[in-house]
Every structure is written in structure tokens, then in C-alpha cells.
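Chain A is fixed; fit chains B and C onto it per the hints.
Protein chains in written order, with my numbering: chain A, -4 to 203; chain B, -4 to 203; chain C, -4 to 203.
Do not take every clue at face value.
One copy or two, it doesn't matter: identical chains are merged, so the pair holds either way.
Below 35 Å or equal to it, Euclidean Cα-Cα: the simulated DSBU-like pairs (lysine-lysine) are [said to hold, decoys possible]: (1) K133 / K61; (2) K45 / K61; (3) K175 / K201; (4) K133 / K201; (5) K175 / K133; (6) K61 / K175; (7) K45 / K175; (8) K133 / K45; (9) K61 / K201.
These aren't lab readings, by the way, just hints derived from the structure by calculation.
Bear in mind that the values here come from a model prediction, so they are computed numbers and not experimental data.
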Amino acid sequence: MGFFRPSSRDDAFFQLLADSARQAVAAAEVLTELLASDAAGRERILPRLKDIEHEADEATHAIIHKVNSSFVTPFDHGDIVELAASLDDCTDALEQVGQMVVLYRMDGLMPDVTRQLEVITRMAALTAETMPRLATMKELPEYWVEINRLENEGDVIHRTLLRDLFGGAVTDPIEVIKHKDIIERLEQAADAFETVAHRVETIAIKES
Amino acid sequence: MGFFRPSSRDDAFFQLLADSARQAVAAAEVLTELLASDAAGRERILPRLKDIEHEADEATHAIIHKVNSSFVTPFDHGDIVELAASLDDCTDALEQVGQMVVLYRMDGLMPDVTRQLEVITRMAALTAETMPRLATMKELPEYWVEINRLENEGDVIHRTLLRDLFGGAVTDPIEVIKHKDIIERLEQAADAFETVAHRVETIAIKES
Amino acid sequence: MGFFRPSSRDDAFFQLLADSARQAVAAAEVLTELLASDAAGRERILPRLKDIEHEADEATHAIIHKVNSSFVTPFDHGDIVELAASLDDCTDALEQVGQMVVLYRMDGLMPDVTRQLEVITRMAALTAETMPRLATMKELPEYWVEINRLENEGDVIHRTLLRDLFGGAVTDPIEVIKHKDIIERLEQAADAFETVAHRVETIAIKES
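Isolated chain A (complex conformation):
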């Protein structure tokens, strides 16, 4: 590292990655609003979540198209594609949770699900703040250490939820099926943010 990173081409990549991360933040925020609403409100909010997922898809597509049609990229082609794909996985998982909550007509959602989503929202915000720093490669270890800490925090909530769910907090088997699905998809969202951090770390190691 240490050399000057100038070109506007590079900037366009970091911009697109930051856009994609901001879609994940928006998805987490709209999902939070959806969870806090009643059935009618949820039906109304869901299309906004789908729009965000669709925009994230297009952003990912734009990144991959740009990588495949560029001769020079700021990092290894494959690393950028994988980073973009893992950012998209974050938004996808969050949108799927919103869909499940509506399709399953969830009523009486376990309160800790909101705590699980709060941790994920912080992971999303931190990821979006970090993407522009790929241009300078500064303060990246602070990011991945904090993501790792948040992932552990979310994992404790996830395990507590499962322990309670199967410990009698929910007794109707069909409600158990629904809760389990939502809790696990949120955990997959958290894992997706951790994967993003792993890929940033991989890029940072190669650049150092």
C-alpha cells in the first residue's frame, strides 16, 4: 500500500459499494418500522421494502457489470464481485424477513426479535460508514473487529430466542414454525454482514 489512489474510475466503485450498503441500512430501518406496525400497516410498508431490495439488486448488477467491463479495477475483480454479492445478501435476507412477517400473518411476535434486528441495524450502519474508507484503506480493522463483536451480541440474542421458543414461550406448533423461520433468517442477515466484513478484510490483507 501507501501509493496514491487517484482515478475517478476507482471512486465510482466505492460509490456503488456505498450505495449498496445504504440500501441495506434502509432495509433494516423499513423492516423495523414494519415490525412495529399492525397487520394493515405491514401490508402497506412491505412494498417499500421490496423496492429497496429491487434497487439493491440493480446496484449489485451495476457493480458486477462495471467490474466485468473494466480493465482496471481498484482491487481484484473477483473480490469486488464477491463483496458486492455479499452486500446484496444482507438486503435480501432483511426483505425476506419482512415478507415472512406479512405472509405468516405474524401476531404476537416474540419481543426479542426486535432486539435481534436492532443489532443488525447497527451492523448495517457501520458497514455503510465503512465502504467509502475502502478508497483510503484507513481504519478498516476497527470496522471488522466491531462487526465481529456485534455478530456475537446478535448470536446471544438468537440463541436465547431459540431456547425460549422451544422452552415453552410459544406453544402452538405452527407459531413455532413461523418464529423459527424469522429468527433464523435474521441470523442469516447478521451472518451476511459478517461475510461482508470478512471480504473487506481479505481485500485489506491483499493490499497491505
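Frame of chain A; chains B and C shown alone:
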């Protein structure tokens, strides 16, 4: 592009990819037959589905072996391997649905599952028609646009099925577990065909 | 192949891969012990399983770091990273089974689950024996043929378990949900060992 693609080596790759896509078509057709049969018929048909899955495995293996032992390939080595792997995922998902239907002794399968499979069968047929066109790179955008449209069509059926399933169409919790598994594995099959289309698009962009 | 493979750098890679495979063996052994214990014993044993999973994570991390910071690697960079990642997936899946058994407060686990784990333990042991042979590339086909055979053996047990589970062996729907999850995660562990074997085969083909 625009340059002449001659060699018989190339042709062998397109042939193997087309073979693999035809296994996915065969899997969709045999699975359709299986779903329409009674319990005894299903037990009799399942081995045919397993044979197809096994042949698709061998075809994939042959492609990966050929890529890894070839110095020259028509496209990037990694892109061919990923395309072959995603074609194999299509057949795998369809075979798993057949297994579930038999192992779970499904009785009274929700009728829309058949509609979900019909859309997938059309995705498979279109994919098989398209593979040979990789030799000339002609009319590929028509293919991925139509796959995308079919995936959306299948997704609407998938969501309707889940909404009905959890809306009281099936009341026995164990039957809900079984249905959910089958419906979601079929959705994964549809996603696998979409992934194939994404990979074809990636190859097309690089070649253009 | 046939050329002399000397350097100590190479040896370090094979050593790290063998370490990672030994973590998978340890995970299978501790999980076997956990399954054979009562509830209190399981709570006591689970942290050991988590420690193993954590060490495997660090081993994988060390391999990826070493690959990304090395100019010369014994095989293709990407192939080593994927091999390390798939070894880690084996240990992860086993640790998740242990977690589920404890979180779900499993009581009256179907006896064949132990048979399913026995096959996986043999896959792990064979994988750990094989990793050092990557240095000489000798007797590798015997390894992947045997892994394939074991995977088929495990698959028969897996299918029998599902057939029994949905055939009335377990009647409480919540117990069905729990069993299904554990049985399928074990099947994913078996698949992960098969993926390791596929990646060894890919490396062997490229080297031949």
C-alpha cells in the same frame, strides 16, 4: 465480440453444458409425473429421478474435469465451472423435491404446487434451448429477460402458497412442515435457474 | 506432476490444512460425547465444542491470511482458500448440531441420529489422514472414492430417519421440527466433507 469461434474443443464444452441442462428438463418432467401419481407410482418413479440426478452429477464432473485439464477454454475457466455447478444445482433441487414427496408420504398436496412446478419446467426448457447459443452468443438477452419474468411468476405462486398454507389451508402442523419444505425447495430450484441465467449474463458481458 | 516439491513454505500450508481437519475430527468426537450425555452433561460439554469451532475459525483465518500474503503457494490461491473454507464448514455444521441439541432441550433423540454421526466421524478421520498427503499427491483417489461411499451410506441413514420421523416415530409436532433440524444439519456436515473431497479432486486434476 464478432470474431470467429471455430474449434471442436469449444463445441465439446457447449455440448456438455447442453447435456447438463437437458438433465434438468428431464428432472422437471419426471417430477411432474411423480407428483401426479399415487403412493405406489411415486415409489416406482423416484429411482428414475435419482438416475437423472446421478447423470447430471457425472455431466458436471465431466465439465469440471475438462475445464481443469484444458489449457484453452471458450470462456474464463472459473465462469464455466460456476455455470456447470449452477446447472447441477437445478437438477439437485428437483430431485430433492421428489425425495421429500416420497419420504414425507405426501397426501393431499396443495394443488398450486403443480403450478409452481410448471413454471420451473418452462425455465428448464428455455435454459436447455439456450445453452447451444453460447457458441454464437446470439439472442442471449432474450433468454435472461424471460427467465427473470418466469422467476417473478413463480415467486408470486410461491408467496400465494405460503400465504394459504399459514392462512389455514392446511391445519395439521406436521403437514404444514412438509408442505413448507417442498414449496421452499421448489423455490430454490427456480432460484437456481435464475442463477444460471445470471452466470450466462456475466459471460456475455465479458465477451462483449 | 512428478517434479520435486521442496519448500518449507509449502509444508506450512499442508500443516495448517491438517490442523483444520483435525478440528473437524475433534468436533465429531465431542459431539458424539455430547449426544450420549444427559442434559446437565450436555450443557457442560457444549463450551468445549464451541472452543473447537473457534479454533477451527482461527485456523481457517490463518490459512486465508497466509494465502493472501504469499506470493508463492503450493496450489492455486483460490483453490486453497476454498479448501480451507469447506473444512471450516464441516466443523461449523457439527458445532451447530451440538448447539441445537442443547437449545432444543432434546429428549428422546431418535437412536439412528447416532449412526448418522458415526459415518460423519469416519469421514472426518479420513479427511484428517488425507490432508498431509496433499504434499506428495499420493493415494488421493482412494480418499475421495471412500468419502463418496461414506456419503452415500450417511445419505441412506438420513433418508431412513426422515421416513421414520414422518412415518409416526415422533408424533409431537414440535419434536418433529427439532428432529428434522438436527437430522438435516448432520446431513449438511456430511455434504461439507464431500465438498472437501471434491476440492481435493479439483486440485489433483490440475496438478496431474
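Is it within a copy, between copies, both, or neither that the alpha carbon of K61 lies no farther than 35 Å from that of K175?
neither (39 Å within a copy, 38 Å between copies)
Should K175 paired with K133 be assigned to within, between, both, or neither, using CA atoms and 35 Å as the limit?
Neither, since 39 Å and 46 Å both go past 35 Å.
Check K133 against K61 for me: Cα-Cα at most 35 Å, and say if that holds within a copy, between copies, both or neither.
Both. Shortest intra-copy (24 Å) and inter-copy (22 Å) distances satisfy the 35 Å Cα cut-off.
Evaluate K133 and K201 at a C-alpha cut-off of 35 Å and name the case that applies: within, between, both or neither.
both (14 Å within a copy, 32 Å between copies)
Given identical chains, is K61 near K201, meaning Cα to Cα at most 35 Å, within a copy, between copies, both, or neither?
Result: close both inside a copy and across copies, 21 Å intra and 10 Å inter.
Check K175 against K201 for me: Cα-Cα at most 35 Å, and say if that holds within a copy, between copies, both or neither.
Neither, since 39 Å and 42 Å both go past 35 Å.
If the cut is 35 Å between Cα atoms, do K45 and K175 qualify within a copy, between copies, both or neither?
both (22 Å within a copy, 22 Å between copies)
Within, between, both or neither: K45, K61 at alpha-carbon 35 Å
within (24 Å within a copy, 41 Å between copies)
K133 and K45: within-copy, between-copy, both or neither at 35 Å Cα:
Both: 34 Å inside a copy, 33 Å across copies.
Checked against the numbered hints listed earlier, the structure breaks hints 3, 5, 6; every other hint is satisfied.
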